[in-house]
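A.B. asks: If you want the building blocks of each chain, they are given just below.
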Amino acid sequence: MSIATQRGGELTPFGQAVAAALWCSFLAAAAATMLCFAFLDPEGLARGEVPLWWTTRSKVYALGFFLFWVTAAVASALTLFVVRRP
Amino acid sequence: MMDAAVPEGGSYYAAQQKIYPREVQGRYARLRMLAAWVLLGVFYLIPWLSWNGRQAVLFDLPARKFYVFGLVLWPQDFIFLTGLLVIAALALFFFTALAGRLWCGYACPQTVWTEVFLWMERITEGGRSERMKLDRAPWSVRKLARKSAKQSLWVSFALWTGFTFVGFFSPIRDLLGDVLALSPGPWETFWALFYGCATYGNAGYLREQVCKYMCPYARFQSAMFDRDSLVITYDAARGEPRGARRRGADPQALGLGTCIDCTWCVQVCPTGIDIRKGLQYECIACAACIDACDAVIDRMSYPRGLIRYTTQNALEGRPARILRPRIVLYGALLAAIAGAWALAIVLRTPVALDVIRDRSALYRLLDDGRVENVYEVKILNKTEQPHTFRITVAGDGDLSLDPEPARFRVAGGEVYSAALRVRRDAYEPAGSQDVVFEVASESAPALHTATRGRFLAPAR
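Residue numbers (the numbering used here), protein chains in the order written: chain A, 9 to 94; chain B, 27 to 486.
Simulated from the structure, these hints should not be mistaken for laboratory data. Any given hint might turn out to be false.
Said to hold, decoys possible - Footprint (simulated), chain A over chain B, 3 or more residues, beta carbon under 8 Å:
| no. | stretch |
| --- | --- |
| 1 | 85-96 |
| 2 | 101-108 |
| 3 | 231-241 |
All residues carry an ideal CB built from backbone N, CA and C; glycine is no exception.
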């Protein structure tokens, strides 16, 4: 038994909260990534002052997605934390 | 385990037991199986289809183009993707209001992949009681063999799923070649493993916990429900009081209802609930309990339908209505938006013209008394064939173009940039004006579009 799962892979309340935060932020990140990169072309941005690796679209898409996911997950986790009842 | 009614340590949490759903057969199980075959077939086969010498369905993210059979969508066509998502959401609302959680029971990837993983578990570890016994038993050669057979199946299937997923974004035949040559690209490998791990974890381990603790739809679907939505319900009036009895015994003489309390409905439930306790948000409406109950009740020679698809109104003997305001509203919205979307796709012009004013100068006065504006034009040929396009300009005054004729050959699926100069006499008319640039294919005049631009000139 660990902090997030118990025997047989079933989630503890903490595990349930983590899973819910991760999954809901995943959905939000997927939508945000689609919306963001439908309008922004990393290669178009690369003409300005941006690092060299911006020129690979696949890389920027992936990093953009994970950045959105981490941001949304942190927001979800903090929300869960502040609305928590003792 | 803590008692849910008397929270200890401030928590209402009762430790979850691992759920071992029993195998079930019947008409809804067949329907679920059919849905799973169709949906998985679509997912695993579509990337292998070809269309005009290219992959039929390919979301080419690096090139920013989506190929869907004959249709090629560009980032400028993002509105269609948005429209599709709106249609999907409305369809979910409509079908939920009409027939309950059809999505959860039959179509959700979580349900479908869980069924496949359960099937693999069943053929390697055996039925429900065998699996429970195996998990309780100490490690032995037999247990190790069964567990590793299951894991091999699960891992291979998850990897194949991840590979197929990446095949929607990267040409799958090339991808297969790279994998067979053991040199897949780093990003392809990463995403295949990412999706494969998600499939393995969600369908192999989390299963019903995704629906119970993680899924937002499971929580808000009740907002679309009313008393006329189709739900799976236990008919308490018919079943209670429940109790065991010998086959052929008269339940009325024993003072019993038709429920023999065999608990099959609980054993087959993938989310581990007891449907006899009433409608619960954990119920994904998979109808496994209906099949299980029907099978038992047939053996008892009672009429079917102790657990059945019905509505709250029908159960209470009130007239059931299919056409309600919310059904009409969702249905009308769905039909209107889906119709508009399909029409827009059909009428979509596969050419686009962007005109950007040259930023270095507002205008230039020429020696011959004319004024000149410089534009950067971009022709987007969204078809898959090359076309020669001609650009013309219209507006007040005697407008002329340089080059004239402004003809540009643009390869299929390409963007062509060119500098275009527009001139006219400086004061005829005086001041700035709007002009219209039109682009048309010389070989297919129907392929044309227009865009407005601003022509700057001195007022006096």
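A.B. asks: All hints are to be evaluated individually against the structure, with a verdict given for each.
C.D. replies: Status of each hint after checking the structure:
1. Note: the stretch 85-96 of chain B has 3 residues with beta-carbon separation from chain A under 8 Å; the three-residue rule is met and the coverage holds.
2. Counting residues of the stretch 101-108 of chain B whose CB lies closer than 8 Å to any CB of chain A gives 3, so the stated coverage by that chain holds, three being the minimum.
3. Counting residues of the stretch 231-241 of chain B whose CB falls under 8 Å from any CB of chain A gives 7; the rule of at least 3 is met.
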